[in-house]
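Asks: Since each chain sits alone in its own frame, please combine them into the complex, following the hints.
The residues making up each chain are set out below.
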Amino acid sequence: MMYETYGTLNADKSNAILICHALSGHHHVAGKYADQPKNTGWWDNMVGAGKPIDTDKFFVIGFNNLGGCHGSTGPVSLNPETGRQYGSDFPLITVQDWVESQARLADRLGIQQFAAIIGGSLGGMQALQWSLAYPERMRHVLAIAAAPRLTAQNIAFNDVARNAILTDPDFHGGNFYQHGVVPTRGLRLARMLGHITYLSDDAMADKFGRLLRNAEFQYNYEIEFEIESYLRYQGDKFAAYFDANTYLLMTKALDYFDPAHDFDGDLNKSFARAKANFLVISFTTDWRFSPERSREIIRPLLHNHRNVSYAEITSAQGHDSFLMENAHYFAVMRNYLDNVAKECGHE
Amino acid sequence: MSNRLTTDRPDFAAIAAWIPPGASVLDLGCGDGSLLRFLQETRQIRGYGVEIRDLDIVACIANGVNVIQNDLDAGLSDFEDNSFDFVIVSQTLQATRHTEALIQEILRVGRQGIVSFPNFAYWKNRLNVLFGNMPVSSELPYQWFDTPNVHLCTLNDFESFCQDHHIAVLERHVMTGTKRVTVLPNLLGSTAVYRFQRAV
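Protein chains in written order, with this note's numbering: chain R, 265 to 611; chain P, 6 to 205.
You may find that some hints are simply not true.
Stretch by stretch, here's where chain P covers chain R in the computed footprint (C-beta under 8 Å, at least three residues) [as the list claims (entries may be wrong)]:
| # | region |
| --- | --- |
| 1 | 417–426 |
| 2 | 573–585 |
| 3 | 600–610 |
None of these hints come from the bench; they were simulated from the model. Please read these numbers as outputs of a predicted model, since none were measured by experiment. Virtual Cβ for every residue (Gly too), placed ideally from N, Cα, C.
For reference, chain P alone in the conformation it holds in the complex (with noise of 0.2 Å):
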């Protein structure tokens, strides 16, 4: 199951590079739960999910993962001030209406944040635009009429309201498909990891 994870979300991969065995993790977002799952398995973390749709509520009920049903945009109010070493928001971020109070309730409830993205200015989704339709991809398989995507950004983007909100990114893995990016990240770059905290 971890091998097909993670060739299917590489991003996973690379968030669980960075939690280390035992951290307490709350993954916002969390689908059918494949993230919290494959952590436990490879890093015996303690986790909850929160997911809103009923389908995903049984998966992660299914897949033995703690899951909370709830609506992320109405805030994470059951959740304490600094009770997570990392909240996750696993491409999830860009479907979220406030988004930026989100961001602020990740360095509430977690000491880090962990979110990725697909990256809007990745050159494939520039091209598309540039003959004049949106990007249709893996990462971003939707049409321009079903996406839940409202708040999509590029790594610049990211970058500066991270700079702007007094947020100090801890370490970014930029990639595309399983391939990890170093030359021209927000150029080259299909999705995109960051790690980050409360600026001191």
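Looking at chain R on its own, in the form it has when it is part of the complex (with noise of 0.2 Å):
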């Protein structure tokens, strides 16, 4: 398992927030690498000295989900019995799985219980998992942008993406690296929906309207609008760097993420496990995971009589609203972790 840490343990132990990454994510949250300037960690923003996770009150944990492709053991690892990568051999992955790991990692560093854990997105309900798991683990869960579980068109949208995938000739039924070939056309179709769905109507309609790539239309199939030209853009850059089999068993381990599965698909149930304080973020533009999901989150905490708050962020950004700084977002992560870190002996 891959990871990387920032700011220093204390003694006690008492001051680790861990940072669940969401799809795309990995390991490497913030700053940037002596060798490589360029490389900024994904939450570079939020994440740092001085920032609302801070570093310098902080012990911060960034990994690489199990299945990943960011150096954590995933399919494109050597399958050390076959002496081949895994490809299709890699097994289905569960958010519980990733929780387990995750756990057998705070073991290894030898925390037992977190300040924080905090997730957005797929990340947010890993965090949300480890409170059901292991709810003496962590006092603080921060779940933004995130669901209880995936409603039908959340579903839908991952299989549409999987299916590019699926059927891209060059996928090879999971084993294409034997074949030399990536199914990049599959993954670039995949990226570019979920752009689309990561953003909002009015953020696209502000970034791009309908701005032309040349100054007239050329009635044909090549690139016309600037929109077009954004999504292939990023299509190409997911499908150079991102394995195929991991969005696959990443998306998948979403869809069938349900606390409630096991409690007769109540969640009131399923929740009374859960011990944590938590803080619950949503974007008010966010369409993917929108603010009615953050919602069915909080209800079963109400029901169960844990301490939950709930900012509800006003944003033009979609859902990479989460990603992006926004200042009364950023206070209320600041104030928040205040009062955690208070708890850990910061004043």
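Replies: Written out as structure tokens, the structure reads:
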């Protein structure tokens, strides 16, 4: 399991924060590498010295999910039994498996109880699963732009994205590594679709509107509008580094995740185990994980008399808002975490 | 902090006097969370606030009180029936749009309701209107053109509302400043606090 840490673990090991990443995230959460000055962590605006998740006060851990393609064991890793990359032999992973593997990492680092477990999107769902699987092992859970379980629409988007990959002739049933190819078309389509759902209608209109690549219409199927150019660029960029099998298994893990599965579908019952204090955050224009999904997290917490606060951030950026700088969002995070830091002895 | 609070907001002390230790409390329009924090410190309550303003959400979080960002006029659908001992609306009722529906929601979610509001029939307010101006005071600090208050009322108005809506008033605490008013309250009291429940 690949992980990175920032800040210093205090003597009683009470100031650790675990950052759970979203679909395309990884262990490199903040800062830059000495030998790669352009490789900035994916949440560098939030995590660092003097930032809302303050590495002067907290020991922050970023990791790559099991099954990922950024260093943790996954479908691209070599299978010691065959000497070849796992590919389609890599088992499906559940959100619960992720939490189990992260718990072992915590054991290894000697952390019995996290000050907080924080995640956005898929990472928020992992943070929720943590609070149910190991209720004693964190004092706070921060679930941002998340949901207790995916809706039909969300599963549908995931399935279209997966189908783009599965039906790419270069996919070879998941064993494309042996054929020396990458299902680039599938990955690119999956990412293009994803990107549309991460942005709001307004954000897209603001950024691209009907802007044209050329001065005049060309009347062909080449790139005509700037939005097409943007999506293809994002798709190509993604296809160049992300593993197709990882994409499949991560979206599938999301689809399956339902804490109420063993509780007759009743979230109130499933959250009865949770003991942490919760901060739930949503963004007004996020339609992939809308504010209503966050309210589905709040209701069972209220039902079970848990401490919970909820902020609905006015933002134009859609689902991507959770990665962007926003005064209200950052003030909520900073003030909440300042109180968490006080519990760890930081005044 | 507590001393300053009870002078700044005399209705807080009146409200706190009615809350038994360990009660569950929902504070609608909780502002910066001062009342909830006061009740947590003096009554060890289990509480949540509901607020819409961004700055207040941040202040509540800094104050260490639970707060749910929500528009009161959109209802209280996140809260279950009879899930709180007390639902409090302190100096906010007059600024809600769907006030009648909100009072019904208070009594759906809470076993008892507590509201405090400025008494529009306070003699100084009457005098202002008599001389031809909208009242502006510490209880009503706004000008007519920037006031959030859309449903101001008097003690008499509130009590007849309760009667018409099968609401039983359990206690009333009327005051001017920090001083309790018992004589001619609808004329001499600037602020009223009521505790009520559904009439059986």
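Asks: What hint numbers does the structure not satisfy?
Replies: 1
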